[in-house]
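4 protein chains.
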Amino acid sequence: MRDGRIEQLNEIVSRSPFHRWLGCRVTAFDPTSGILELTLPLREELRRDAGDDVAHGGVIATIIDIAGHAALQAQTGFGLRTIGMRVDYLRAALSPLTALARPISVGKSVGFVDVEVFDRERTSVGLGRVVFSTRPPAVEPRE
Amino acid sequence: MRDGRIEQLNEIVSRSPFHRWLGCRVTAFDPTSGILELTLPLREELRRDAGDDVAHGGVIATIIDIAGHAALQAQTGFGLRTIGMRVDYLRAALSPLTALARPISVGKSVGFVDVEVFDRERTSVGLGRVVFSTRPPAVEPRE
Amino acid sequence: MRDGRIEQLNEIVSRSPFHRWLGCRVTAFDPTSGILELTLPLREELRRDAGDDVAHGGVIATIIDIAGHAALQAQTGFGLRTIGMRVDYLRAALSPLTALARPISVGKSVGFVDVEVFDRERTSVGLGRVVFSTRPPAVEPRE
Amino acid sequence: MRDGRIEQLNEIVSRSPFHRWLGCRVTAFDPTSGILELTLPLREELRRDAGDDVAHGGVIATIIDIAGHAALQAQTGFGLRTIGMRVDYLRAALSPLTALARPISVGKSVGFVDVEVFDRERTSVGLGRVVFSTRPPAVEPRE
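Protein chains in written order, with the numbering used here: chain A, 1 to 143; chain B, 1001 to 1143; chain C, 2001 to 2143; chain D, 3001 to 3143.
No wet-lab data here; the hints were simulated from the structure.
Treat each hint with caution, since some may be false.
According to the in silico footprint, chain B covers these stretches of chain A (three or more CB under 8 Å from chain B) [unchecked claim]:
no.	region
1	28 to 41
2	94 to 104
3	107 to 114
Have a look at the derived ranges for each label pair, beta carbon to beta carbon [said to hold, decoys possible]:
no.	chain 1	residue 1	chain 2	residue 2	range
4	A	Ser124	D	Pro3031	47 to 57 Å
5	D	Asp3030	B	Arg1135	43 to 53 Å
6	B	Gly1023	A	Arg120	21 to 31 Å
7	C	Gly2051	A	Leu94	42 to 52 Å
8	A	Glu7	D	Pro3031	17 to 27 Å
9	D	Gln3075	B	Arg1122	39 to 49 Å
10	B	Phe1078	A	Gln8	44 to 54 Å
11	A	Gly77	C	Glu2007	18 to 28 Å
12	D	Arg3120	A	Ser124	47 to 57 Å
Some but not every residue of chain C turned toward chain A, in silico, with C-beta under 8 Å [unchecked claim]:
no.	residue
13	Ile2083
14	Ser2109
15	Ser2133
For each residue, glycine too, the CB sits at the ideal point set by N, CA and C.
This is chain A alone, in the form it adopts within the complex (with noise of 0.2 Å):
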């Protein structure tokens, strides 16, 4: 877990517009097992209610969805396209939240990554798994 990696990782997360607005970072990173962990803030634009720090379901798949990501480019080296995404909601989450995302199949044409999130009590909530399209992207002919 170089931090050199690390700052590697989050330029490439930090690209898209999405993940700048919620802040999202790659926390943690361990090469041999590709378990990548992503960190997300508070915000209060996140919260499902007013009055408490409850986070949309909409936020827990979203944060799976990119950290499951970011799990499967650190070893492909490229962007994926995401073919499918399942989350089980296991209890209410307190942000903010952090995913621990762990590759378990890269094929040649599909990878299977699973994402276990927690709150801000290191309580498990939410568990996905999200499936993508591991083919490199085309080469764009040259004229």
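Assemble the complex: chain A is given as a structure, and chains B, C and D must be docked to it using the hints.
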């Protein structure tokens, strides 16, 4: 599809700070079929990439969650706990987005809603299914 | 819906030893919509419980897998690799079962099929979605 | 992992006619973690293709359903209604198959179980998640 009913649904939807920030609105509701249409305007912050209007995958998951919940709440009359959600991504989606949510089965303990997402060219870009607990919230015991 | 086409689809379906044992048959096919109907007869061995004809959940998943694959193969003309499958169980299902498979999106790399399962009372008992790789099988190099 | 407990679990599993026909058996159970292992022997009728021992995708879904239910029933002490199931297929699976089911979350209304399927080469071939209603069956009123 009476305007008063849509206003009422929007009043409920807009209670969530996240929904208000997103600016999503119920734009149609058919009480016979239960089909509900929700529209999410374009926001710069929701872009996946700089330079075009492609919506982030987390945004598509979010609109599925919101539209599914609104459609089921229109049936039950109370807020519901989301058990799980899946999204299949058909193609890149240009904002603004519209979601059509259709309740499939509303039982005593579990409800299922199908949600199809269309982009600004009215192309189908994503398919979601959301599963909710349909148990009414526990009545608070009075002293 | 020509009988010759259904015979041809059944010839393909019946190549699998598991399909032959189950006795499942393509009973309708609409080439315009691509919707395919597959019927699974009652077998004593497929009962979930002794004493009634409720089908086992694994049997419902199985008919979804078979019907989805048959419907997509009717589009592509070749067998496909299943990437994933989901089933939502709406209620207990009395055999025999019928599945209606409808291709939703058949792209160059991924295809999605929706499958609805009906029981002998024509009640909808399960909803499935199957995701396939639509890449043609690699051509074997000739020596 | 006492043999008496495994015998008891197998007595429950073998009540289902479908399970008996399949010949599946609980082969290990760890009461501390709740992890349950279920083994499905090779049967000619379960082959996807003639000529090899590759298991049909429906068979993999079936073992996931059975193992997940057995693991959760070992927690609750009563049979549960399956709400939904997903399967991700990692690669072709040679029978016999083994499934490891691990309860993830067992709440008052919903329970989640992860199931990993291994083939005869002990290769991971499929990942499943099964969602159950954990409400106890309604008590029959006595006359």
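Hints, verified against the model:
1. 28 to 41: Check failed, 0 qualifying residues.
2. 94 to 104: With 0 residues in contact (Cβ-Cβ under 8 Å with chain B), the coverage given for the region 94 to 104 of chain A is violated.
3. 107 to 114: That given contact is violated, which follows from only 0 residues of the region 107 to 114 of chain A lying within Cβ reach (below 8 Å) of chain B.
4. A:Ser124 - D:Pro3031: 47 to 57 Å: Because 21 Å falls outside the window, the suggested range is violated.
5. D:Asp3030 - B:Arg1135: 43 to 53 Å: violated (32 Å)
6. B:Gly1023 - A:Arg120: 21 to 31 Å: Holds, at about 27 Å.
7. C:Gly2051 - A:Leu94: 42 to 52 Å: holds (48 Å)
8. A:Glu7 - D:Pro3031: 17 to 27 Å: violated (45 Å)
9. D:Gln3075 - B:Arg1122: 39 to 49 Å: holds (47 Å)
10. B:Phe1078 - A:Gln8: 44 to 54 Å: Cβ of phenylalanine 1078 of chain B to Cβ of glutamine 8 of chain A: about 47 Å, so the range 44 to 54 Å holds.
11. A:Gly77 - C:Glu2007: 18 to 28 Å: Hint violated: Cβ distance 49 Å, outside 18 to 28 Å.
12. D:Arg3120 - A:Ser124: 47 to 57 Å: 33 Å Cβ-Cβ, so the 47 to 57 Å window is violated.
13. Ile2083: holds (6 Å)
14. Ser2109: At about 6 Å, which falls below the 8 Å cut-off, the nearest Cβ of chain A leaves the hint on serine 2109 of chain C intact, so it holds.
15. Ser2133: holds (6 Å)
Of the numbered hints given earlier, the model fails hints 1, 2, 3, 4, 5, 8, 11, 12; all others are met.
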